[in-house]
Structures are given as structure tokens and as C-alpha cells.
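Hey, can you work out the whole structure from these sequences and the hints?
Read off the chains here:
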Amino acid sequence: MKGLRKYLTPFAPDQSGAVSVLFSLSGLIVIIDAGGCTGNICGFDEPRWQTQKCAVFSAGLRDMDAIMGRDDRLIAKILKVVDRFDLEFIALIGTPVPAVIGTDYKGLARVLEKKTGLPVLPINTNGMALYDEGVEKAYSELIKAIVPEEETSQNGVVSVIGLTPLDYTKDEMDMIQATLSHTYKEVRMLGMSSIDDFKHLRQSEKIIVASPAGLKAAKLIKRRYHIPFEMLKLEKPNIAVTGSKVLILHQQVYANAIRESLNMCDKDIRVGTYFKLNKTLKEDHDIHFDDEDDLMNYIKEHNIDTVIGDMTYQPLIGQAKLIPLHHTAVSGDD
Amino acid sequence: MTKIDYQTIREIAEHGPDDISEIYQFPAHLIYSSPATLAFNSPGAEGYGVKRAGLAVPESIMLIVAPGCCGRNTSLISRIKGYDHRFFYLMMDETDLITGRHLTKIPEAVKDVVDTLGYKPSVVMICITCVDALLGTDMERVCRKAEDFAKVRVRPCYMYALTREGRKPPMVHVRESLYSLLEPKPKVATSINILGFFAPLRKTELLDVFYRSGIKTIRQIGTCQTYDEFLNMAEANFNLVINPEAYHAAKQIHKRLGIPFVSLERFYGIERIHHQYQAISNVFHKQLDDEEMYQKAKNAIQELKELQPLSVAVGECLNANPFELALSLVEYGCQVKAIYANVDPSHFAYINALNELSPETKVYSNMEPTMLYYDGGEDEVDLAIGKDAIYYHDQSAHLNWNEDMQPFGYQGLIDLIEAIREAVK
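In the order they appear, the protein sequences are chains A and B. Take the first sequence: its position 75, counting from 1, is numbered 75 in the numbering used here, and each next residue is one higher. Take the second sequence: its position 108, counting from 1, is numbered 442 in the numbering used here, and each next residue is one higher.
These are computed hints drawn from the structure, not numbers from a lab. Glycine included, each C-beta is placed from N, C-alpha and C at the ideal position. Not one of these hints is a red herring.
No more than 20 angstroms apart at the CA atoms, straight line, and that leaves these computed lysine-lysine pairs for PhoX-like:
(1) A:K6 x B:K445
(2) B:K479 x B:K454
(3) B:K696 x B:K337
(4) B:K439 x A:K6
(5) B:K439 x A:K2
(6) B:K337 x A:K77
(7) A:K279 x A:K233
(8) A:K80 x B:K337
(9) A:K53 x B:K337
(10) A:K267 x A:K236
(11) A:K321 x A:K245
(12) A:K6 x B:K454
(13) A:K6 x A:K300
(14) A:K276 x A:K233
(15) A:K6 x B:K415
(16) B:K445 x A:K2
(17) B:K550 x B:K537
Stretches of chain A that chain B covers, calculated by requiring three or more beta carbons in the stretch to come under 8 angstroms of a beta carbon on chain B:
(18) 1 to 10
(19) 56 to 65
(20) 71 to 81
(21) 94 to 108
(22) 124 to 133
Quick list of the computed label-pair ranges, beta carbon to beta carbon:
(23) A:D291 x B:E737: 34 to 44 angstroms
(24) B:T551 x A:V82: 56 to 66 angstroms
(25) B:Y707 x A:E150: 34 to 44 angstroms
(26) B:D427 x A:H226: 30 to 40 angstroms
(27) B:E605 x A:D174: 52 to 62 angstroms
Given below as C-alpha cells:
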């Protein structure tokens, strides 16, 4: 049945994706919810929240706020705190409640911009889409609001986009940074350190895309600022594959990079994903899944004997062998 | 440096229950999210939230019908012993929001899940969330339809964060929903229930006191191993309510099954515990003998006094009313430097008493925005009690005191003091 999950818990939602991009950037992040969404985003999907302070808040909506559409109260609550923090921007993160009542994020953003003088990012996530949608929306709003019109590129500066803790562990990020440092003088991991990386994005001579969620932003950057991009390549992972028909389950860029690094001509290696599957990045047999049944049937029908993917996929893959590959967006922080 | 907003006990007492500062009122400000507020923002992430509570009935399962984001952290609960493969999800999309289509899918989804299990669950709880609160979904009706279609008991539970401070918050509603499964049974005079929490009580004299007075069976939902055992709760002669969140359920049981109830409170103040037992004695016209435990608790208090001077911070993520606990600790000689809790009018009996003994104790709200800058530095203490207090005082001795199994009575006080002694060793 469409939408029915009997084995997998829901994947990281779009609101978590948006926050994962903004978390380290010194903004006021206001999640427009009653509290539960904030708890899920911070307590489950954002590993940095345990150790790093961030101005992330729940709007604390209550039933009458939603029923009466009391946006003025939300604005008043935000205005109360902006002077007390040193902020680079305000981000409004959507959740199912504002989606139901049709909150006008852009209208809210305009009012707040006028009253505070800060850039305001209206991110119309709804808790029903997946994290990569939220990542994409957050990048798009950040680039529109933060990247200056005037600045020239510098040789040896590269920026990595689409890299969030929902896809990459801290160790993997460090490894990517170290690898790129062999080629580039300065490697900037967008969204992982400071807002300055966005303010000086135009200094980059190249953009490296680490996930399909970063692709749209990379294209926008290319169109606006003529900075070229390329997809991330990973070091050969320590994975021993014995089967002959292999399915890699992850986000597409990561899975592609694993496939490329395995470099096994004698095997049929396919990429499958529940997340964005970009046509320009896919090979013939790569596939997108929506529901649990899709994956179960695919494994059976195509005689897949090896799956490289998150441990939580185990109940869906029948007799195929599972080679564990953690994915935080699927099973949470490792 | 941003100034942290807080008041002292003296300031709070002076303003009184009708003039509580905005610092402690959620609707007045944005709610800060830190690990100290996780239990507030996401009750299911720790202890018992609606999802875990909804599965308190033995042999039950839950279908969460909601946007994906609402079920995201459920895998944490699934990792707890006894919850594996008991949660299922019917994820809503935007079309469902607009058309309410998801409601028509529920009966079939229930049947599909039950068929997959290979056994018939005692009940399927349907957990719905804020969006259905706004859509005005009649989930009782949907559950009846699902019952007819799947031939299994189906009950709703409402994870409506939007109504958290309303007349019937989610944790009140879920108790009503669970106990609505009880069906009339002949009464047994020697049988009683304890209503309040989902996990059983820790060892406590409360049970012994009643056993000694002739009660033969004391049931709690957390000790019921089977559904039939749970149904036997309907034979009770009366219910003891030890958590205000169970009050509505007790009222409903009284109305539906004719089982009366008596409310008790959890205290850590020895004289308050003693007075409560005396009050129970008066209600039942039978002297409940608490002398031995009273003396044991007094001895424990003496041991705590020997640890003085001991400075303490008390949080609200613990098995206690933070103000009553703070008052008790002050009465036993501790210096309570800080309390991390929100203030509501029901706390004023303790706040006024604290004002006599420790007026300069600071009261912070974990959720208040300026807590972003608070690190506990200006309130250094020897001991932090409660998960939130520990977050601010990670260099101090720690005592979580928030386990699932609930302390109560003199034994709860004795256990607390023992745990404090262990923590500061």
C-alpha cells in the first residue's frame, strides 16, 4: 500500500534537511511548529545540536494560533529576541501545521526584513517531503539572500555544496576535506562552518557537489556567477563485494561515488535510492523507490544478491547479503 | 554578553500566581531548543511520550498516521526492549492534507499490518498528530470503521502538540484512550489499581501499606503481562491516582465502570508524605501504619544532613515536582542555588515555602530564549539533579533521577538520598 511502512521508520524530512544546512551559520532558526518537529529535528537528525549551541527555536504554536492565523504573535516573538543575539539572518522553517493553514512565508519574511533589517529566509518545508528537498530549498534561499553581487574568484579556492550530517559522517567530511586539500589551496565546506563561506562564495574557482540536493544550487551558482561545478569523488571505500549483482542504496551522488570507486567491471552494480534521482547522473539500471514494496519486489525480480546500504534495509532484502553503509537520513545518527 | 532572564524565588513569590513573569510563559516567547528542552519539545524522545504510552496495553501495536516528520524519532523507541516491530506508519502526503484521503486508507492499512504480523494484536492504536487536529478528523469514527474491516480492536490516540496546554493535553488523552478498553466486571473488594504512570512503581511502602490493610491485588498497567490481565483492572474496588495526568481517565472510569478514585501526590518532604498517609487513613477509616518507614526516612535524612554543605541545582526533567523537591532539599539542609523549571500557579505552595527558607534561589526556564547563553557558570553547584540540570552543570556530580520506574513515598525519598550519596561520593 502506498505510504504504508511496516519495517522502515520515516526518513529525515525536509525540515531537518533545511536546518542541517543552516545550523552552523549564526542565524536565528525559527521552526514554525508546536514543538514536536523541533524535537525531532534537533534531537534526532542534527548531531551537532548535542555539542554546539545554535539559536534554533520552536515558534511554540498552539491550536488557536493556527486556527486564528495569528502571524502577528509570531512576528512579535521574533522581534523580542533579535536584538539580544548577534544574528546573520532569520530563517523561517515550515512544518505540517503552517502547511495546513497556508502560512504566507514570503509575506512573513518581508515584514520581518523590514522590521529587523536582517535577511530573512522563508523556507516552505512541510514535513512530508524528504530531507533533500529541504536542503535544496535552504541553499537556494541562502544564495539568493547572502551571496553578494560583486566579488571575484580566487585561484585555489573550492567550495563543497550538498554536504550535510544527514549524508556524511564527521569522519567522511574530514576525509573529503583532506583529499581536496591535496588539489586546492582552500577547501570550504558550505554550511559546515560559517556564513562567511556563503558571503565569499564568489571567490570559489569551482564548486564540488556532494549530493543531488546540492545540484540545483550548483547550477544556480553557475548561471549567476559563472562558477563551474563537478560531482564529488570518494576515496575507494573499504568494502569487499563478493556477489555479482549489487544494489547500492544511498543518496545518488554518494552511491555513484561508491560505484565508481569500486570499479568492478565484472559486476552489475546499480544505484537505488529513496531520495532524489537525477537523470543526468544516473546509469541505465539505476532506480528510484517510493515504498517498501518497491524495494522488496525489485530485489526479487532482478535477482540482486548483494545490497550495500543502511542496516535498517535488512528486513526488505530477503536473501540478499547486506553490506552495511550507514545513512543518517535513513536510520538516524550512528 | 546577553543577560540571562530569570527571577529569584523571592521575586516570583512577591508577584504571586496571578502575575507570573513572561519568562515562564510559553505563549509569550519563542521556545529555545537545547538538550535541556528535549523532553519538552519531543516527549517521545525520552521517557514516555504519546507513542510509547499508547503501547502500554499488553500485546498492542500502533499505526502512526501522520506526515513522515512526526514518526521520525520513533526508531529510538523501537530500540527499547519490548517495542521492536510494534510501530507502523501510514505516511501522509500533501494530497492527503487537502482531501483527507488518508482517512479512507486506514482500515485497509490496519488489516495489512495485522495480516503481516501473523498474530492478532490486542488492540491497534491509531496515533494521529497536529494536522488532523486542524482538519477536525473524527478519529473515533474512523477507528470503528477500521475495527469492522480488520476485525481487531482499534483505538485512537492523539499526539496533538498544539493542544499541550489545553484542557485535555495529549498525555491526559492517551490515558483515557487506554483505559477506555476496560469493560465492566464484577467488583472484587480486595482489588485496587494504581493509575498514573506507564512503567510500574519502584519498590515502595505504598503497596505494603495497602496489603497490610487487607488488599490482596494491586494492579498497574505497567505490571500487566497480558491483555486479559489488563482487563482485570476493571474489577478494582477503587483506583489510586498518583499522577494528575491520570485524573481524567480515573473520572472516566468512575463514570463508566463505577470505580471511585483517590488522588495522591508524590512528595519528597517527609512530613508531607506522613500527612498524606494520615489523610488516606481518614478517607478509608482505617489507620495505615507508616511508623517504621517514617523512622527509616528520618535516618536517611540524617545521612543527607551529614553531607552538608551541599549546593544543588534541580531540573524539571526528573521524577519529582521540581519545586517540591527543591523545598525538601532545602529543608534537609542543602543549598539549592538554581531551579530549571517553568512556574505555574499550582507551584506556589512550594514557592511560598521556599521564599521563607531560600529566597535567593534562582529560577530559570529552560525554554526561555536567552538560555542560549547560559552555561551554569555563575551557579556552580556540587550536585545537579535532573537531566536538564546536568546539561548545564556537566562538571558537577550528576543524578538523572528520571528512570521509567517511578519512586514514591518514604521509599522514594530514601532511594533519592541514597542516590545523592552515591553521586557525590
